[in-house]
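Participant: The chain contents come next:
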Amino acid sequence: MGVSTIAASLIMSIPDYSIGEVESLVLKAYRGAGQSWGLAQEAANAAAWMAMHGLPALDEFATLVQQIDKVDCAHLRPDFAEASLWCSSSGRLCPVVTGCAFAESNLSQHNLKSGVQIKDVLQPLIMIGFVSRAATQLKRNLIVQDAAAEFSYELSATGHFSNALNRLSGGPSKADLVIRESMNSVTETAVTPSVYQRAHASGNTVQILERFAQRTYVPATDESRNAGAGAGLLDND
Amino acid sequence: MDNINNAPATIAMLRPPQTVMRLQRLGSFHQTRLSFMRVLLRRLEKDGWRFSRTHWDIDASGVGVGVYTAHGPERSYSLIAFANDLDPAKRSDRVIASEWDATFTLYDGIPTQGDLQRLQDNVPVQEAGRVSGKELSLSRANRSVRLFDYVRQKLSSGEQPAMEELDKVGYLMRTTAVYGSGKFGACDRRFIADREEFKEPFQVELLAVYMIRAFSVDIVEHLAQADDPDNYVALDVALKRRLGIGNSTGLGMAPFIVNHPTLLNNWILARETALARVRAIEYATTEKNAQFGIYLQRQIIGVRQWQTDHDHQAGKIVDLLSDLEQLEQYLHVHCQVQIKKPWDEIYRWAEQHLTPEGQECVVTLLLEPYPELVDDLSASMSIDENRHFAINGRMPLSVLADLIDCNYGFAKEFNAGARDQNARFWYASEEKLEPRLGERFEEDGAEREHPLATARDVAALSAQIKACAVQKTAVAEFLLQYPQHRHTVRRVQQSATHPYSEIADNLIASTLLPIDLLRCKLSFFGAVKFDPRSDRWLRINLYQHAPLLEELNSSDTADWTDSWVYPPLQRH
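If you read the protein sequences in the order shown, they are chains A and B. Under numbering that gives the first Met the number 0, the first residue of the first sequence is numbered 0, with each subsequent residue one higher. Under numbering that gives the first Met the number 0, the first residue of the second sequence is numbered 0, with each subsequent residue one higher.
FYI, nobody ran anything at the bench for these hints, they're computed from the structure. Some hints here could point you the wrong way.
To be verified - Where chain B lies over chain A, by a calculated footprint (3+ residues, C-beta under 8 Å):
1. 37-51
2. 100-112
3. 206-219
Quick reminder that beta carbons are idealized off the backbone N, C-alpha and C, glycines included.
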């Protein structure tokens, strides 16, 4: 077996996933963690955005669902002590709940210029898609950074995305974030949106998500097997 | 409605959503000029697509691989068919089937030997395998026990099968699943949606099914010839055209039109706009009148061939035939040329005198003579759902309440305390990962319910809004407090710009007929001969009477027109 053949077989053996599979799996897993269907839709949408921008959507969500499993959403949402400082009394913010709040809130120009601080965000990479949504809606370029300056992403008003520190794999499991308007022209250096058509997962990520997704299924009984689908066993024609 | 330009006279003619979106009406829809199968064949014809069978390595027992390639102006697609010699005992069990007579994938381009080998390992096992971003669909089909062996035996003994026998079934093989976008690793629709040939919905799946139809004829001929090479005759071309491809569809498809409200809106809006345009016509020419009359005759022939054992549908077919005969008489009495807005007149008459099944059949017939007013609307039937996904958090609750008031009249009728209105729940089965319908008060699992109970959920949202003291509160703030209403808020906001996005009925009522949901969707595919096997699954026929692969764009089918879906007036 030549080197190129070995390389080819290695590539073949690494499973990749369609964006639809990422969406479907994250939808069910997030719901399976005890959260609402509407937030699960947001999680799925954010996961698709991440995967299409080369971010490790499946890995990030596999970690997140374990952290928020069966936690009441009231303990995962920002309390809005003040407009420029978001935090939660529980010391952890879900990036999906917080991301929705950020994209949907009435942010003033003043807040954006000086920066909104968001404390204790779990899996903060997940926030990036929501910040991108806000940038598009507000028609402003936004930059999101963590306090430790481990990552920094710029999201343009036109939907472009740039990873200033060029770290595409893995983010911190929890971080304090600052989101503010960027004075840079993001589009000059930015990645074209949606260049990635396949998603990858590491380790047992998919198994974890499937375990959570499993909780949304109803086990079959003989009665439901026949009645629920409505088909009899015989389907010859 | 930002993607369709209409004259005010047309807009005034649009039927209101509260009329159109009732399940009884949606469950009476028939195919139209805008159905996706007809859109596909029009494009294949217009753009000069050609088909060839490029590979056929199938043995005398019917096991092997066949490849068909569709060559378009810019790209080619190949249907790869894996033929199987299935033990008849395995064909009889639908619910736990793991093996089929044939399995298929639509490949993006022309496959290499390596691709065929990779797919051989995965496609025949369907859900248990994986396909790649080079594959666009995954499907399987079984032979019709009623027809396949009969045709095989006739051809091998040198005879043509009887047309009456063919018409009783209408197909040699029946697909039991056609998976598309992103399923089991296949390419996502979003990455090919800008290709000209796939702009309209479900063109990938329907292209695959059109080619599967050709395979179903080729394989019966192949086996008949292997049975007796000396006496074998090929199937008569006119008989081939009478054969479509069957499909059986269960609940798996039902939630789709509830889960894709903005897409559903675009389908219905296109159809309603087409109807409104035709109704707004001031005078009809003699030629258009004559065409309408011919389509009516051909439709009557088709309805007479429509067979089902399902009592509910059988009753509807009897009514439909009576409706169409009444329409014939009405046309005899009224000379349409002299009447102003003649088509509007016919529609209004139908609304007063015919059943919903008949009324919707009239809608189909009214569109038929007017390709110049109807066909361009197919371009508006897709949607980038992502554009409408984000919730407007700045909307005040009072505006959300107004939207509910205007667009969700059906939710006001929902009574949470009435068992019959709360009787069902939609769920995904652990065994098949497919949508199912359960009985809330008799079965376990209602806590795992899927969010398809629009009427109930909107009623609950409405009550929660009323309980909020400050109506100026923004939606974002409300949803932080009440995340359980988020999926409903999204729908309500989408309804502001998508008037036909919601089915105006209670989808968990004891009286729900899930086949109404299936029929609505399948009519947009272009299916005919709806044959319910229970209240929740049915058989249909696709591409019956359609031109054969080799007939598209060939000079000897100059008389082929887009009206293939109607049976010919004279049997030949």
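Participant: Now tell me, hint by hint, if it's right for this structure.
Facilitator: Hints, one by one, checked against the model:
no.: 1; hint: 37-51; in the structure: holds (count 5)
no.: 2; hint: 100-112; in the structure: holds (count 5)
no.: 3; hint: 206-219; in the structure: holds (count 7)
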